[in-house]
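Participant: Sequence:
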Amino acid sequence: MSGFIDQVEIDFIVNGEGHGSLAKGIASGQLTLESRVGFDPGILRPVIQNDGNKYCVIKTGRFITNKAGEQEPESKHIPLRTLVNNGMVPFTFNASALPHHTWQRIDRAVIKASRDRLNAWNDLAAANTYGGFDGMAVTALIKDTMTDPGDAKVDMDTLSDDMSDAPLFTPDILPLPIIHAGASISQRRLAQSRNGSMPLDTSLIEASGRRCSETLEKMTIGMVDYSTLKIGSSTDFSNRGIYGFRTQPDRITKTDITTSGSFVAQTFVNEIIAMIELARAQKYFGPFVLYYSTTWDQFLARDYFVFADTGYAAAPTMTVLQRVEQIKKIKRVVSLDMFTSANELLLVQMTSETVRAVNGMDFMTVQWTKDGGAQTMLRVMGIKVPDLRSQYVGQSTSSRKCAIVHGTIA
1 MSGFIDQVEI DFIVNGEGHG SLAKGIASGQ LTLESRVGFD PGILRPVIQN DGNKYCVIKT
61 GRFITNKAGE QEPESKHIPL RTLVNNGMVP FTFNASALPH HTWQRIDRAV IKASRDRLNA
121 WNDLAAANTY GGFDGMAVTA LIKDTMTDPG DAKVDMDTLS DDMSDAPLFT PDILPLPIIH
181 AGASISQRRL AQSRNGSMPL DTSLIEASGR RCSETLEKMT IGMVDYSTLK IGSSTDFSNR
241 GIYGFRTQPD RITKTDITTS GSFVAQTFVN EIIAMIELAR AQKYFGPFVL YYSTTWDQFL
301 ARDYFVFADT GYAAAPTMTV LQRVEQIKKI KRVVSLDMFT SANELLLVQM TSETVRAVNG
361 MDFMTVQWTK DGGAQTMLRV MGIKVPDLRS QYVGQSTSSR KCAIVHGTIA
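Mapping to this note's numbering: the sequence shown position 242 is 242, numbers consecutive.
These are computed hints drawn from the structure, not numbers from a lab. Incorrect hints may appear among the rest.
[Claimed, not checked] In the BS3-like style, the derived pairs of lysine-lysine whose C-alpha atoms are separated by at most 25 Å in a straight line are:
id	residue 1	residue 2
1	K76	K54
2	K329	K401
3	K143	K230
4	K283	K331
5	K401	K328
6	K370	K54
7	K254	K331
8	K328	K283
9	K254	K76
10	K401	K331
11	K283	K254
12	K283	K143
13	K401	K230
14	K329	K283
15	K328	K254
16	K283	K401
17	K254	K370
18	K59	K76
19	K143	K401
From just these sequences and the hints, can you work out the full model?
Facilitator: The following block contains the structure:
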């Protein structure tokens with residue numbers, strides 16, 4: 001097997017034009033069943049079932065309720081022959097299909113890799129997930145930011161007039177890119193897997209899944225700035241890019257954090273409390289997750305000393321990390337491996353009205369062949385993006401804030 005496991009691409013389709021190899025294939029129709037059907041990732045996953053026939057698992061466009069009581073898209077196993085006979089010829093109709101158990105092995109490897117280090121993303125998903133739609137069919141989500149209008153009256157007979165104040169709306173638009181990375185497997189190696197002589201080595205596929213998950217994590221934190229990848233018109237939308245915790249334009253900032261080189265435990269705790277007060281002033285009341293960059297790891301592991309006026313300190317009973325976790329509004333304190341910016345802190349209110357994880361398509365593996373069928377290309381792809389929502393402070397559109405406090409040194 002071979003592949004570009006250190007390279008992850010993010011593709012867009014804007015105004016019908018594809019940007020990136022995968023997006024160009026979809027926009028041109030090369031990777032679609034036909035124009036009226038559109039793209040379904042199942043067409044790139046032909047599978048051999050127990051009856052020996054090839055099938056594609058295609059979404060029907062309807063929703064069903066699963067055992068957990070949640071709605072999910074309905075899928076059906078459509079014989080490849082049926083698709084071809086109805087004039088819907090998948091791009092991979094002549095490719096070597098993989099057995100069902102091989103796809104299961106591949107999917108397990110990708111799921112395992114994607115769960116390893118998605119700490120920030122997993123927090124978003126736990127707070128609020130928006131999904132259940134065909135991410136390939138839409139290139140962006142439009143959302144509104146609303147003011148908080150009105151006033152309540154208190155009287156004995158309800159005769160006083162209520163304020164007839166209507167909310168003001170400002171639309172934002174969130175692009176939905178495709179995150180993907182890939183590898184390849186030779187026809188001979190694939191044949192060995194199909195006849196059961198040797199299990200498929202999924203190490204490169206797992207690495208591709210890990211690269212995709214790391215890209216999503218960096219996007220969520222804001223370590224890679226995707227705010228310039230905008231969609232729509234600035235006259236129609238306020239925020240038009242993809243923003244992470246560090247790049248959300250409406251985030252609250254505290255620019256006087258004491259550098260780690262001058263670390264004092266009590267000062268650090270007081271600065272965290274000050275960040276909470278900054279959020280409270282903008283009507284954000286928690287609970288908060290505190291993310292700290294890798295710079296702080298060694299300092300938060302130290303004993304927590306508080307010096308009295310006499311210059312002496314009582315014997316420590318906890319670490320600095322444990323002291324921060326005792327702050328009332330702090331729900332969790334987390335170190336992010338990919339948050340490598342020196343001396344930075346992020347305080348994020350993890351509630352459904354302020355953050356959400358948009359899931360247009362779970363990470364999955366698709367395949368096609370090249371070089372006359374001598375190579376099978378495998379690609380891990382998904383449509384996931386953080387949505388960090390702003391809100392107006394009060395009844396005016398003059399001030400817009402997001403429930404993120406970004407602490408940096410002076």
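Participant: Taking the earlier hints as the rules, which of them does this structure contradict?
Facilitator: Per hint list: 9 and 17 violated.
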